[in-house]
Amino acid sequence: MERTVVKIDNLVKRYGELTALDHFSLEIKEGEILGLLGPNGSGKTTTINCLLSLLSFDKGRIEIFGKEMTPTSYDIKKEIGIIMQNVAVFDELTVYENIDYFCGLYINDKAKRKQYVDEAVKFVGLEDFLKFYPKKLSGGLLRRLNIACGIAHKPKLIILDEPTVAVDPQSRNKILEGIQELNKNGATVIYTSHYMEEVEQICTRIAIMDKGKKIAEGTKDELKRMTRNTETIIIEILDLPKAVRDKISVLPHVYKTDYDDDKLTVSCSGGKHNLLRVLGLLQKEELSFGRVYSELPTLNDVFLEITGKALRDKEE
Amino acid sequence: MQIFKAFMKVLKKKLPSGLIYIVVFLCIAIPMSLNGKESEKYEDSTLKICIFDEDDTPESKALIEYIDNKHDIVSFEKDKDVLFEKLYWEEADYALTINKGYSKALANGDTNDMFGCYSVHHSYATVYMETYLNEYVSSVRAFILGGQDSKDAVLSAADSLSEETDVEIADNSDPDYPERFSSYFQYMPYILISVLMNTLCPVLMTLNRKDIRYRTNCSCVRPNRYTLQLFAGSTVFVTAVWLILMIAGLFMYGGLFKGNAWLAVLNSFIFALVSTSIAVLVSSFNIGSNGVSLLTQIIGLGMCFLCGVFVPMAFLGKEVRAAANFLPASWYIKANDMLDGTNVFDSSKLATYIMIEVAFIVTFFIVALLIHRIKYNDSDSLDS
Ligand SMILES: Nc1ncnc2c1ncn2[C@@H]1O[C@H](COP(=O)(O)OP(=O)(O)OP(=O)(O)O)[C@@H](O)[C@H]1O
Ligand SMILES: [Mg+2]
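So the protein sequences, as listed, match chains A and B.
Counting in my numbering, the first sequence runs from 1 upward without gaps.
Counting in my numbering, the second sequence runs from 1 upward without gaps.
Hints listed in this document are in silico derivations from the structure and should not be mistaken for laboratory results.
Just so you know, these numbers come straight off a predicted model, no measurement behind them.
A few of these clues could be false.
[As the list claims (entries may be wrong)] In silico EDC-like links for lysine to aspartate or glutamate, alpha-carbon gap of 20 Å or less:
(1) B/Lys14 x A/Asp91
(2) B/Lys151 x B/Asp110
(3) A/Lys135 x B/Asp211
Build out the structure end to end from the sequences listed, making use of the hints.
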């Protein structure tokens, strides 16, 4: 059986009236990439900060590597790499100096540190920017610097708090691949995000949280099995008569229809040939339609089903 | 060492904005002090005295003559404002009024109300003149009591006194030494505050940035170690700035410090620490870099004006002087005024002044520490 690396037990954290974490529990095993998924304000950062003993909490207990985590657990802290949500680097130091500074907080040996820093630089692909000051870096490069500062000392547990916010898709993919590589090299990873695609792409296990509570947990497939949705059919169609929509909603396996913005969304649960049945009906009604596509369930469906709201706003 | 190293690197980036003050200061101070060297050799033994004779008797005339022998007599209108202006611009050092009834008072020994004066409170000239007049009057009285009439007594007194007084002043081998000394240390508070606030504040603010502190707290560096290394960095920097100023000072003196100058050196070091504590205190507020330079101007210029760095304290209003007591620079200046001979030297007073400066340092550091405690232990405001 794999070792438990992190054990969060019944954590309660209040900010005055607001309960940011509400009896939150979570276990992370060695070698996992655990995705902590939740909309803005759901308590992801709060969880991370409690985990690192940066925040005091009202109730609960946190164990890392089998020992209780406290603000003075320096032997535990030594093994953790943290990439904060807000980029925390010195504007006055160059890329290289920044990585060297943060690596030096853990590694005293000069030669070893130099080697580690060089490896981190290579890992995030900042070789050409060593003499740059952070202000001169683009958003994506800055995020990469932030990551390099967090992982240079080769920690066993890496915690990334939304490391890809405001990063273009190309940089994002590079970052995600990097995280998977770190994991392959033996690090356990906690990855928070409100982008479900990212989480689906790299995480071996996912915990979904909302309003400080864990609302679901499991592998991607386990989670998707939790929703009755098996297929979502989307059809672009102008002026859909109400009568036709009613007919569609009573087709077999269909449990929900939506018509919005000239787009018909049909949610199906189980069964086969759902798409053909819907299209057949439209053909019989002699309605013409544009683009048609069908989607397998996403984590958003899971979230939607449990909380009744979407994981994030459309425009994001 | 990581934090100390980062301190020095950040300092290197912020240094130019502070060093410019030192450069400008030295550019002004060095030529000034070199010019001062050749001028007015005997100034400090010869005072400019303005006399109003309301008694107008042979006795009062004799006194005027006695004073004239040693000092320069200048004449101005007898008007308080005019006189204070003359005193301010050092066109006169002392304005003496010989009150009506002087000769009678001299004859019958009622010496209380013989003189009136306008002078700079506690200045060297004032104290000197008071002693000088006292000596004269006691001496005249002695001859009267010895049986001479007052006309002869004033002459005998003048004779006997003129022999002694010269001896007192003679042993100052380099008369303009205190003057060079004075102007250099006089402006020191402004320089120290400006330099230290302009450099130390931004550096400390960077290294105490909340996200950086939290990020560092995630590592195995103990928070006390962090503070300790910041402390070490600041100490090295402050000492370096102070040493630069002292070494430049040596040039201005044309040699090693001597006598009271060593106390002025000590005083300036204490004030360097005062400036440091102010910088540390200011840097514990989140006021941004513009805020810091604004505050540097306010504290630097404001305090220095109020405390007699630019304008001698004696010329400031009573209220201002009272208010200045709450500012550390005024105690530096009080100590310095005694050391450069503006005021009479008193070692116990000097010790008190320096202790008060130290008390300011301790207070500022404690307040800064409390602010830090509140800021970093109340971790709940992490994201805000
Ligand atoms: N210092 C604070 N004081 C008061 N409330 C806070 C503080 N920090 C966070 N909160 C609140 O706690 C809740 C959880 O915040 P948290 O930052 O953990 O969310 P998050 O999941 O990280 O969101 P995001 O995706 O925007 O980063 C939010 O409602 C937030 O407003
Ligand atoms: Mg967050």
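Here's how the hints hold up against the structure:
Taking the CA atoms of B/Lys14 and A/Asp91, the gap is about 12 Å. The hint holds against a cut of 20 Å. Restraint check for B/Lys151 and B/Asp110: satisfied, since their Cα atoms lie roughly 17 Å apart, inside the 20 Å limit. Between the alpha carbons of A/Lys135 and B/Asp211 the distance comes to roughly 16 Å, so the proposed pair stays at or under 20 Å and holds.
No hint from the list above goes unmet by this structure.
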